[in-house]
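Chains as they are written, first to last, in our numbering: chain A, 1 to 142; chain B, 1 to 142.
Bear in mind the hints are in silico, worked out from the structure with no lab data behind them. Each residue gets a CB set at the ideal place from its N, CA and C atoms; glycine is no exception. Treat the hints loosely; a few may be bogus.
Stated by the list, open to error - Calculated lysine-lysine pairs in the DSSO-like style (CA-CA distance at most 30 Å, straight line):
hint, chain 1, residue 1, chain 2, residue 2
1, A, Lys47, A, Lys17
2, B, Lys35, B, Lys17
3, B, Lys17, A, Lys99
4, B, Lys99, B, Lys136
5, B, Lys132, A, Lys71
6, A, Lys140, A, Lys99
7, B, Lys47, B, Lys99
8, B, Lys127, A, Lys136
9, A, Lys35, A, Lys127
10, A, Lys58, A, Lys21
11, A, Lys37, A, Lys17
12, A, Lys35, A, Lys17
13, A, Lys35, A, Lys7
14, B, Lys127, A, Lys132
15, B, Lys142, A, Lys99
16, B, Lys136, B, Lys103
17, A, Lys51, A, Lys35
18, B, Lys132, A, Lys21
19, B, Lys71, A, Lys140
20, A, Lys71, B, Lys142
21, A, Lys71, B, Lys136
22, B, Lys142, A, Lys132
23, A, Lys127, A, Lys99
24, A, Lys132, B, Lys16
25, A, Lys37, A, Lys142
26, B, Lys132, A, Lys16
27, B, Lys127, A, Lys103
28, B, Lys21, B, Lys35
29, B, Lys21, A, Lys132
30, B, Lys103, A, Lys127
31, B, Lys103, A, Lys132
32, A, Lys16, B, Lys47
33, A, Lys127, B, Lys37
34, A, Lys58, B, Lys99
35, B, Lys47, B, Lys103
36, B, Lys132, A, Lys17
Unchecked claim - FRET-style restraints, in silico, Cβ to Cβ:
hint, chain 1, residue 1, chain 2, residue 2, range
37, B, Ile53, A, Lys142, 41 to 49 Å
38, B, Ile53, A, Gly19, 32 to 40 Å
39, B, Glu83, A, Val52, 27 to 35 Å
40, A, Thr36, B, Val52, 43 to 51 Å
Number of protein chains: 2
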Amino acid sequence: MTLKEYKEQDIADYLKKYGIKPSYQRIKIFEYLRKTKSHPNVDVIFKEIVKVIPTLSKTTVYNTLSSFIEKGIVAVITIEENETRYDADTSMHGHFKCKSCGKIYDFDINFSRDDIDDLGGFEVDEKHLYFKGNCKNCLKNK
Amino acid sequence: MTLKEYKEQDIADYLKKYGIKPSYQRIKIFEYLRKTKSHPNVDVIFKEIVKVIPTLSKTTVYNTLSSFIEKGIVAVITIEENETRYDADTSMHGHFKCKSCGKIYDFDINFSRDDIDDLGGFEVDEKHLYFKGNCKNCLKNK
DNA sequence: ATTTAAATTTGTAATGATTACAATTTAATA
DNA sequence: TATTAAATTGTAATCATTACAAATTTAAAT
Chain A
1 MTLKEYKEQD IADYLKKYGI KPSYQRIKIF EYLRKTKSHP NVDVIFKEIV KVIPTLSKTT
61 VYNTLSSFIE KGIVAVITIE ENETRYDADT SMHGHFKCKS CGKIYDFDIN FSRDDIDDLG
121 GFEVDEKHLY FKGNCKNCLK NK
Chain B
1 MTLKEYKEQD IADYLKKYGI KPSYQRIKIF EYLRKTKSHP NVDVIFKEIV KVIPTLSKTT
61 VYNTLSSFIE KGIVAVITIE ENETRYDADT SMHGHFKCKS CGKIYDFDIN FSRDDIDDLG
121 GFEVDEKHLY FKGNCKNCLK NK
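Could you put the whole structure together from the sequences, leaning on the hints where they help?
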């Protein structure tokens, strides 16, 4: 058994654990989301996976992402209008989008403060935080 | 001079201050954004203002909002994909979107903590925070 | 006041991401 | 192997946004 197959088996098990039948397409899409850190959009995901699965349809990418989101193993990033991106890291973290190069960075946050948590009788399921500005690299190149 | 005209004059002055020529359309759109607290989308804004300006075009609403955003007197709210909303309150505050009724609430936040502010050489221009869940009203009605 | 130029508004068409849906293919079960 | 269900695919429809040119309004100049 090769190392590659071994990793795919891990992903298959992970998908099963969350009630998703691990088809080849689903494994490949999730694998890509896990290893990439660029928070890709549907088009980027499609263009990448279609190299491996030439018959892949963009509808499958949409369907697959929908089920991932529904099961809670992928998070949607909506920073810019008309630019939906996806993130396989569902742990609590913030996003920084560089207005110059467009890159999205992750950063750690801590939402433990009571004055943010206490919304007086509201039930909070998701917390999203994102900043916009200019990244280190772009500032350097000016 | 009526009270209504007086308020419109205030808005006209405000727009001028930010380098926007205060046309009737622009005044009405900004006035509506200022008084409403529901963070409306383009369609809602259009449907409301067209009652007063029957010749209004949706393109004008888009153009006007773009210039408001460019000048920094209106903020874009992108919580849901394909649901861009607008807010004339550009002061720092968070948004809570109820998954049940869809309503967006404002809440106060304080971003003074160093561990959130310090992104190590990154220049932060905008900070956005939003939560999702179920609001007080919807929880009560269950 | 009239003319000219610039800015704004308007309407229609184009774009592009997402969704709907039916047909095809694949996988699971008997 | 035959049957059924699930997943994938491709095409068409939808819907928000943008592009763009024509019409209108406003401002400036004469």
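message: Tell me the hint numbers this structure goes against, listed in increasing order.
response: Numbers 15, 22, 32, 38 - these are the hints that the structure violates, sorted from lowest upward.
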